[in-house]
Structures are given as structure tokens and as C-alpha cells.
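Peer 1: Single-letter residue listing:
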Amino acid sequence: MRATDWKRYLRRWEFLLFVCLVVVVIYNSVNVSNFLTAQNQVNLLQLSIEKAIVALIMTFVIICGEIDLSVASMMGLSASVVARLHESGWNMALAVLAALAVGLGFGVLNGFFVAKVGINSLAVTLAGYIGFRGLAEVFIEDNSIGDFPSWFTKMGQDGIIGPITFSILLFVIMAVVATVILHFSGFGRQIYAIGSNARVAVFSGVPVARTRIIIFAASGLISALAGVLYAARLGAVRASTAQGFELDIITIVLLGGVSIFGGIGSMVGVLLSILLVLNIRNGMTIAGITGNTQTGVIGLLLIFSVLIPNLAARAQGRLLRPPVDPQFQAPRVETTAQNAG
Amino acid sequence: MKRRTLLISAAVGPFMPAIATVVEAQSPEASPVGGVATATPGQEVNMMLLPKFLGISVFDQANEGAQEAHGELQNPGKLDFVGPTADNSVAGQIDFVTNAPAGGYDVVMLSNNSGDQIDPAAEAAVAGGTQIVTWDSPIPSGKGESLFVAQVDFDETGKVMADMALDILGEEGGKFAILSASPDAANQNAWIASMEKILAEPEYANLELLDTVYGNDESEESYNQALALIDKYPEMQLIMAPTSVGIVSAAKALQDEGLCDSVKVSGLGDPHEMTSYLENGCAPEFALWSFVDLGYTTYYASYLIATGAIQGVAGESFEAGRMGTYTIEEDPTRPDTGALRIVMGPFSIYNADNPGV
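These protein sequences, in sequence, are chains A and B.
Just so we're on the same page, the working numbering is the position in the first sequence counted from 1, plus 622.
Just so we're on the same page, the working numbering is the position in the second sequence counted from 1, plus 154.
In short, the hints are calculated from the structure, not lab data.
Model, not experiment: these values are computed from the prediction.
Certain hints may be false.
[As the list claims (entries may be wrong)] Which chain A residues face chain B? A few, computed with CB under 7 Å, are given here:
#1 656
#2 665
#3 763
#4 766
#5 779
#6 782
#7 856
#8 857
#9 865
#10 907
#11 908
#12 910
#13 912
#14 914
[What the hints assert, rightly or not] Between beta-carbon pairs, the in silico distance windows are:
#15 429(B) to 742(A): 47 to 57 Å
#16 866(A) to 277(B): 20 to 30 Å
#17 198(B) to 648(A): 19 to 29 Å
#18 360(B) to 745(A): 52 to 62 Å
#19 782(A) to 430(B): 49 to 59 Å
#20 198(B) to 749(A): 49 to 59 Å
#21 806(A) to 385(B): 52 to 62 Å
The beta-carbon is built from N, C-alpha and C at its ideal position, and this holds for glycine as well.
Only chain B is shown next, with the shape it has when bound in the complex:
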């Protein structure tokens, strides 16, 4: 437990190897702060896995992981993978969260795409007996949220993206633009903010951010936004897309325009969707974490909270099946909110040496 906590707090670099420090469970029952809580299988917890919207492969992978944990814990309750349509994401998520208590759900596992617009619905759901555990994208204010299962440290994401930009552009740096998901996406907004912060450091002085645009995680819109960037900034050398939809669309746009020699794409991408762009050099390097693991870890954390094995307070440790032990901490990327998180990690960097498939 200690080792893991130390690793996290030391803010290790982006190329941290996949270390899952499994600590033997010290007590099988619910444990106070200091012990490691483990899940007792077979308890009934009704779960809803609510991604930003359906039809995104990485969210399907998160569902795979959640289903794996669901089977492992022999939960007799239901695990429903539901979500709104892409064009109705904000209101749709509010609908699902609002209706969750009536649907008998004990926990909603939410990848928030509604910014703080979800707050009233989340608080009402908690009052109605449904707990909210976020993953992938938290509730910025932390309101109504028991815990955020962070895929990686959000401040680290900015550094990873800046490092990849330097890797691709070389020491002399260059000009780039960001193609993000939606302006309400808490995770992407935090990553962009952390990248902007880190660009101020002398190490990254040669990187110049031209613009940030949004493709709303829709392929066509992202594609068009990438084309618009190409037209608007002929001097641009790189598009950084911190979204698995945006990065594919941007790479396809550059490939279709035959511009992959002069403009590169990087960001956060699913290696299965990026194979051809990695091979043809459009996207020489990008990063991601395992969404299967994220869904799996989130399920364990939610199950433990719903069964009362952990209370969801800072300092508590719990074991999340094959993923090892995690310790809940205050989320430093959301200061003054009292919001809590665990950090899963690590980043995997994909490039010619490590295509990931």
C-alpha cells in the first residue's frame, strides 16, 4: 500500500512501467483507515455504467472491464451499460442520473460529459439513495460524487502530451493546435489546462499553441475541425488531440489531404484504431491507458462503496481485484472542492517501437 502511494505522490514521469503492487489483504472484512478493504463477493449491488455517450470503442472496453469485475464478484444485481446519444449527451446524462434512484440503481458509474450541469441531478440522486462514482471524466465541483477513479494523474497528462510534441517536432519545437472533445468535458479541459501550464516552463519554450478547437467527439465534426485548422494555420506542424475520436479524425483528415509529411497528429488514441496512421507516419506517437482496466477498477471501487466496505474518505485503502491496492486521496487537480480520487495509471506510449497491437 505504502509503495503505491509513494509512487503516486512522487509524480513519476509518463513512462512509468506498469507496476501493479499487489499487497496481500490484511483483513477480509470492512476495514478502518489503515487496513486494506477487500470486496466480499456475492452481494447484490445494482450498477449503471454511464459513459459520455454510446458508440465509442474505448467506452465499450470500459464496459468489458466492468463486466469482468461483475462476474468476478458474482454480483447477483444488474450491471447496465447505458448512455445517451452523442447529440444529446448533456441532457441525456442528466436524464439517466435523475432517474437512477427510481430505477433501483445503487451506484451510477459516470464518465461526466455535462460539466457542472450534472450537479443538481447528482445531488438529487445521492439523496434518493444512488451513489455516484466517476471515472474517465469527473464532476468538476465534486458535488454528489463519492469518488473519482482517475485513469492517470491529470497534471501528468499535460506533461505527457508536451513530451510527445517535443518528441515528434524535435528540440527546435514548433507550432501546434489542440483538437479536443466537447467544451463541457471535464477531463479534456483539465488536461488542456495542465498542458498550457507546462508549456510555460523553459523546457517547452519552443512549443507554441496556436488554437484550441472542439469536435465534440463526433467523427465528422472532428474531421472538419481538423481541416479548418489546416486551412487556418498553414504554419502548423502538429495537431494534438486528447480524445480517441478526435485523434483518429485528425489523422484521417491529414491522410486524405496528403499532408502527413508536414503536419503530424498526436494525443490520446486507442492503438487498435490508430494502427494504419502509426504505420504511414501520420501519427508517429500517442498515448493511452487501458480502458478495460479503468472499467474494472471503477467497478471494484463502486462495489466496495455500495456495500459499505469502504466509506469513501481520504486515506482509505482497498484492493481492486487483479489491479492491486489503491489509496483514496484528495484530488489535487480539483483543489478546494474536497473531491476524492484514486489514480489508476499508467500511461502507455505507443509508437513504432510499441505499436500496442
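In isolation and in its complexed conformation, chain A is listed as follows:
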């Protein structure tokens, strides 16, 4: 018994990620003298903290069997709303609240079209991806708006506990809350149920539509929050703020072992994936590797993370038929694929 438990543990995607993370951290520590300093560790998180925050809610969205392509555009829109309102003389705190309200409102709208109207979330949020960015361009045009009050930029840049910034602290709290909700609450179980098989979930009495709307509303709100934090960190906003972030965010979530077909994945995997990607990026930046190459390396990682489980599942399926271990996660990718179709 013990032996099989151990093997099962070894096969888990999260374990693989953990091993990769350890290897990367050791490699960076050996090759970069300042890698393990507190300041570098904070920098490592801080420079991508907005993506990490959105990756938390994206995990819920994808496990629920949906996708939200509009998150980065929403970040840009909320940053633009804050900047535009600030420029026209609004109180900064009110401007932030307005931006969050915009995020929540459009999130609910996304959820409404997916859950109530029944349009595929890929299409709905693709519209948001274009539409929110378009709105940001209307607000900001070709300008770069900055000159925010100092409390706002301090919030984005300065440490509040030692070098740890407000954004990092917020991320840690949100990660704990997200883990509890996803893995230890009824709501979390409903999300897995919907992602595994929405029709079955409906017949089981799961409030599918309501859950989907809540997820998309939260996605809009948290993306807007991340946009505000990003504006505070950079100290200026352009219409193109956060452009292209959605792919990085989705990459992190998929690399974390969350199935693109829904129903499978864990918060631990996503958190490990966040740390892995940030450590790889940090190591590459410190080693003087350019932005293009970094994007390429992360892209390769994603390819492997999507291909390996699938190929492993097929290989296993041929060798051992029927699969001996129902807990092995790769074959489940195929079953969920059928559900999605």
C-alpha cells in the first residue's frame, strides 16, 4: 500500500513542478551570487505580481471549464479609468473604486452572456478583450498619464513590511483565500463539478449559471484590481498597459496542471507554477537574456506542459489497458475532452 501511495505521489504534476522549481532555484543560486537575497526574492515576485494575482482567479475560471481572454484588457481599462479620472480632478480613492466597479460590472456582463445567454466564453471574452482595450484607448488616447498622488505610487512601489510590498501581501492573502475556497468549500466542489460535466452538475442541483456569473464577476473585479496595482507600480498609464498579459497568465495556470477542458487542477500546482515561471524569468533576466528569448522559453515550457501529460496518457493507455491507476491524472484529460465536446 505504502509503495503505491508513494508512486502515485511521484506521478503527480505538482510533484514534477516542485522538482523543476527546486532545480531552477538551485541553478540560479549557484550561477547568480545575489539570487537568494531578500531583495531579489521580493523583486522576483514584485515584477510580475499583477499577473500572479490574476492567475489565481484564472485558475477558477479554467477549472470551471471556461476561459477569460479579457483579463489583461480589463487591467488596461481599469488602469485607464483610474488615470483618466485622476487627471480630470477626481479624488484618487474614488477613482480606484470607480475602476473596481467597472471591473465588477463588465465581469458580471461577461458572466451573464456565458451563463444566461449561453454564448461560449471564448467568444464572449474575446469581445471583451477587444472592447475593453478599445475603451481604454478612448479614455487615454495616445497619452501617458501619470503624476499620481504619492500614497498611490508608494502603495505600488514601497515595502510595507520590510521590502514586502502591499501587492505581494495582498497576493499572499488572496492565495490562501483562493486555496480555501477552491479545495475546502462547497463552492469549490461545485466549480469542479461544473468543469467536469456541466450537464451532470445541473441535474445534481448545482446552481451552474449563478456559479459561472460569480466566477466571471470575480475575474473582472480582480483583473481591475490588478490593473490598479499595476498603474501604482509603474506610476503612469497608457492605453496599452498590460497588453498581452492574458497569455502569460493562462500559461501559468496551464503549466500549473489545470486542464484547459476544465474540472482538473489544484491551487498548489498553480502557485508552484507561478514560482517556477517567475524564477525562470528572473534567472534569465539576471543572466542577461533578452525579452524575446524569455518569451520563447516560457512558450516551450507551455508546449511541454500541455503535450507531456497527453502523450504520457496515450503511451500508458497502450501499454496498460485498462489503466491500472484511476488516480493517474493524464487519462482524465481525455475523458474531460469528451465532456467538452
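Keeping the supplied structure of chain A fixed, place chain B upon it in accordance with the hints.
Peer 2: The following block gives chain B in isolation, referenced to the frame of chain A:
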């Protein structure tokens, strides 16, 4: 040394010939104000050359110049030419500057594309032991910046562009629009401001600026912005693009639309990329400086600062290899910031008489 300083302060016209006044080094060691500092080869300085983003030929040329100086000074340290992707320029530059101390870099040579958004990262890098020397595009506030290696005098750029506009449009002048890089680009913003200032002078009264738009130094975006200008302002006779990407895109847009007879392109362009547009008359005149020299000069200044041969204060003079001697001065284009600069120069004007290739 004196001669060079005088030339700079006299704000000579744009057609200043390439004068490199080489002054014999008076002392080989680090020198106080008044002497001319020279570089001692063979010292280890880890350098990062950080352009606005990669994939722009003029930045590759700057790297050529930096590599040349790197070899000349036999620096056993590293010289890394790194940069963000174009669509992630602001955050990417902040990433590289923030991580520079951890990467063991002594100097970051930065062409700033992040406006003052780079300030906190630059100051943190300095605190972490990495100095920032800017080139091409400075940090507007001067925060964290040791020195700015200006390619040309920024106020002069406005005059050069206005002169070229008059040259192309003739004495009767005409209407034109500016196609710039990004709204966060400190250099382009300063040049546009200086051009707007000079347009107020009676000499340029016949030039009318219609609009300023931004193509973010991306070819397709710049191309589309040029087309939009053509549609929006049928009376426009000239597009002035103070960016090597924008000027090519604008010229291509006009050529594709068959409008080169009625609308011309000018600005700052790399002659290697502009040959065909110069020949077919789309871009009859434009200007630039040598980016190879800029990278080379920046490397020397950075090496001297990092090795302590110069402190980076106003009045210091140093020799930058084959480029001759420079004197550090307060940057008059960034008043009240305490920011320092040297001016490399000169402008080269390219036209049918001087195609540059």
C-alpha cells in the same frame, strides 16, 4: 577641451561639420576637474546595454560601437546587449534595471523608453551598486542617472527639423504633422517640444503643425498612423517623423498610396533604410547622427564612471577614445533637475547630394 566646450555652448547650426577635436591626454590617471581623464584599459566592468527594445537597426549599430569600445578597452567583464520586446518596453525596461544589481552589472547603459516610470527602479539600482548612464533617451527627472550621453543638443533637433521642413516645402511653407515614437519617449518628446518652440519664431511662421500622433516605434502601427494622417488632413504636405522606425513607415505609406508628389516625409532616419525613399523623392531630406559613435562614446563614459576615473560632476573632462574629448555639463534641456550630459553630435543631413550610403 576648451575648443570643444565653446563649440557646444555656441549652439552652432545643424550643419556643423564633423569636428572631433582630439586633445592630448594630460594625465593618464584619474584626474580632478580641469584635467582630462582617460580610461585605463583592462579593468573589469560589467556592462548592460539596454535599448528601448530590440529589433531596431539603429540600436544594433549602437551595440556595434559599444562592442568596439569593449574590445578597445580590453574589459574582461561582460557587455550584454539585452532589451525587452516592443510591446512590453516600459515594464520590460523596469525589469532589467531592477534586476541589474542582482545580475552583477556595474553599469546599465539605458535608452529610456519609460519616461519617469523608470525612476524608482533606477534609484533602487543605484542603491544596489549599479550606475545608470543614459544615451539616446534620458530619464526626464534625472533621478538615478549619472550622466546622459546626448547624441545631439536636444534644442538643436527642433531647429534641424524645422529647417528641413522649410527646405522641403520652400519659403512659402505649408502644413505638416508629426509622427513620433511612443508618448513615453523622453527624447522624442523633448525634440517635439523644441520644434514647437522654434515654430513660434517669425522665420518659421509659414509652417503649421496640424497634429502629433504616435506609432510606438512599431512598423505597422506607424504605417497605419501615417495613413490616418493622410485621410484626416488632405491639405497636409509633410510628415515629420523624429524616429527611424516612423520615418520608414511613413515613407512606405506614402509610396504605397502613390502620394509622394504631394506629401513628403522628413525627420530622423537611418540612411541605410531610407535609400529607396530618397531616390524616389518620398523623403527628400532627413537627418541622423551615428549610432555606432553613440554606443562607442556611451561605453567610454560608462567605463570611466564605473572605474572611478571620473566622478560624474559638471566641469569634468574625459577622453572617449577615437571620439575625442568631452566635458560634462548641466543639461540645459532638463533645467532644475541637476541632470548632467555630454553632447556627442553632430547631425548629418542626408539628401540627394549626400545620400549617406
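Peer 1: Does residue 763(A) pass the interface hint, meaning its C-beta sits closer than 7 Å to a C-beta of chain B?
Peer 2: Because about 9 Å separates residue 763(A) from the closest Cβ in chain B, which is outside the 7 Å limit, the hint is violated.
Peer 1: Quick check on a hinted range of 19 to 29 Å for residue 198(B) and residue 648(A), using CB atoms only.
Peer 2: 27 Å, holds
Peer 1: Against chain B, run the beta carbon of residue 912(A) and see if the smallest gap drops under 7 Å.
Peer 2: 5 Å, holds
Peer 1: Can you verify the interface hint for residue 665(A): is its Cβ closer than 7 Å to any Cβ in chain B?
Peer 2: Hint on residue 665(A): holds, closest Cβ of chain B at ~5 Å, below 7 Å.
Peer 1: Let's test the interface hint: is any C-beta of chain B closer than 7 Å to that of residue 908(A)?
Peer 2: Hint holds; residue 908(A) Cβ to chain B Cβ min 4 Å, cut 7 Å.
Peer 1: For the hint on residue 914(A), just tell me whether its beta-carbon gets within less than 7 Å of chain B.
Peer 2: It holds, given that the least Cβ distance between residue 914(A) and chain B is near 6 Å, below 7 Å.
Peer 1: Does residue 910(A) hold up as a contact with chain B if the rule is Cβ-Cβ below 7 Å?
Peer 2: Hint on residue 910(A): holds, closest Cβ of chain B at ~4 Å, below 7 Å.
Peer 1: Could you see if the CB distance from residue 782(A) to residue 430(B) stays within 49 to 59 Å?
Peer 2: Check passed, 57 Å falls within 49 to 59 Å.
Peer 1: Confirm or reject the claim that residue 360(B) and residue 745(A) have a C-beta distance inside 52 to 62 Å.
Peer 2: Given about 54 Å between the Cβ atoms, the range holds.
Peer 1: Quick check on the hint: residue 907(A) CB to chain B CB, less than 7 Å?
Peer 2: Result: holds, 5 Å to nearest chain B Cβ.
Peer 1: Taking 20 to 30 Å as the hint, is the beta-carbon distance of residue 866(A) and residue 277(B) inside that range?
Peer 2: 28 Å, holds
Peer 1: Holds or violated: the hint that residue 779(A) contacts chain B, with Cβ atoms closer than 7 Å.
Peer 2: Residue 779(A) check passes; min Cβ-Cβ to chain B is 5 Å, inside 7 Å.
Hints 3 and 6 from the list above are not met by this structure, while the remaining hints are.
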